[in-house]
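Q: Produce the entire structure from the sequences given, and follow the hints as far as they go.
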Amino acid sequence: MTKKVYAITFAQPDKWVNGSVLQIGVAEEKLEEVKEYAKSIGYVENVRGPLVFEVDERHYEEALNLDYKAKFEENKNHPKNQ
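Numbering (my numbering) for the sequence shown: 118 to 199.
Note that these hints are calculated values from the structure, not bench results.
Fair warning: there could be bad hints in the mix.
[What the hints assert, rightly or not] Quick list of the computed label-pair ranges, beta carbon to beta carbon: (1) Lys186 to Val164: 30 to 36 Å; (2) Pro196 to Val169: 29 to 35 Å; (3) Arg175 to Pro196: 19 to 25 Å; (4) Asp131 to Val172: 16 to 22 Å; (5) Glu191 to Asp131: 24 to 30 Å; (6) Glu149 to Asp173: 23 to 29 Å; (7) His195 to Val172: 36 to 42 Å; (8) Glu191 to Thr119: 25 to 31 Å; (9) Glu153 to His176: 24 to 30 Å; (10) Tyr154 to Glu179: 18 to 24 Å; (11) Phe170 to Glu150: 15 to 21 Å; (12) Lys121 to Val164: 27 to 33 Å.
[Unchecked claim] Using 20 Å as the maximum straight-line C-alpha spacing, the simulated SDA-like pairs for lysine to any residue come out as follows: (13) Lys186 to Pro196; (14) Lys156 to Ile141; (15) Lys188 to Thr119; (16) Lys156 to Tyr177; (17) Lys197 to Ala144; (18) Lys152 to Glu191; (19) Lys121 to Ile158.
Idealized CB from N, CA, C, for every residue including glycine.
A: Right, here's the structure in full:
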């Protein structure tokens with residue numbers, strides 16, 4: 118059986134020159150929550166929207182960034198984005 122994973126690309130507009138881009142895998146039920154969180158800390162979503170992948174349920178958990186808030190903070194604090 119397969120499940121959907123949404124791969125969303127976000128960027129920090131003031132850091133585009135430095136390549137501050139983050140792509141994360143998101144479960145369908147977390148999609149709006151992730152978008153709202155990203156927006157609240159200054160990220161914008163790629164205008165093309167998320168890509169949708171069908172992932173075998175055995176690999177579903179590893180396809181997701183389960184702690185997406187940490188992933189955003191990690192990217193935000195990366196030296197290239199300072």
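Q: Confirm or reject each hint.
A: Hints and how they fare:
1. Lys186 to Val164: 30 to 36 Å: Given about 23 Å between the Cβ atoms, the range is violated.
2. Pro196 to Val169: 29 to 35 Å: At roughly 32 Å between Cβ atoms, Val169 and Pro196 fall inside 29 to 35 Å, so the hint holds.
3. Arg175 to Pro196: 19 to 25 Å: Check failed, 36 Å falls outside 19 to 25 Å.
4. Asp131 to Val172: 16 to 22 Å: Since the Cβ atoms of Asp131 and Val172 sit about 33 Å apart, the hinted range of 16 to 22 Å is violated.
5. Glu191 to Asp131: 24 to 30 Å: Given range 24 to 30 Å: violated, Cβ gap about 18 Å.
6. Glu149 to Asp173: 23 to 29 Å: holds (25 Å)
7. His195 to Val172: 36 to 42 Å: Since the Cβ atoms of His195 and Val172 sit about 27 Å apart, the hinted range of 36 to 42 Å is violated.
8. Glu191 to Thr119: 25 to 31 Å: Once the Cβ atoms are compared, 29 Å apart, the range 25 to 31 Å for Thr119 and Glu191 holds.
9. Glu153 to His176: 24 to 30 Å: holds (27 Å)
10. Tyr154 to Glu179: 18 to 24 Å: Cβ of Tyr154 to Cβ of Glu179: about 21 Å, so the range 18 to 24 Å holds.
11. Phe170 to Glu150: 15 to 21 Å: Given range 15 to 21 Å: holds, Cβ gap about 19 Å.
12. Lys121 to Val164: 27 to 33 Å: Hint violated: Cβ distance 21 Å, outside 27 to 33 Å.
13. Lys186 to Pro196: holds (18 Å)
14. Lys156 to Ile141: holds (14 Å)
15. Lys188 to Thr119: With Cα atoms ~25 Å apart, Lys188 and Thr119 exceed 20 Å; violated.
16. Lys156 to Tyr177: Given pair Lys156, Tyr177 is violated - Cα atoms ~25 Å apart, limit 20 Å.
17. Lys197 to Ala144: violated (28 Å)
18. Lys152 to Glu191: Satisfied, since the Cα-Cα distance of roughly 17 Å is no more than 20 Å.
19. Lys121 to Ile158: Measuring from Cα to Cα gives roughly 26 Å; hence the hint is violated.
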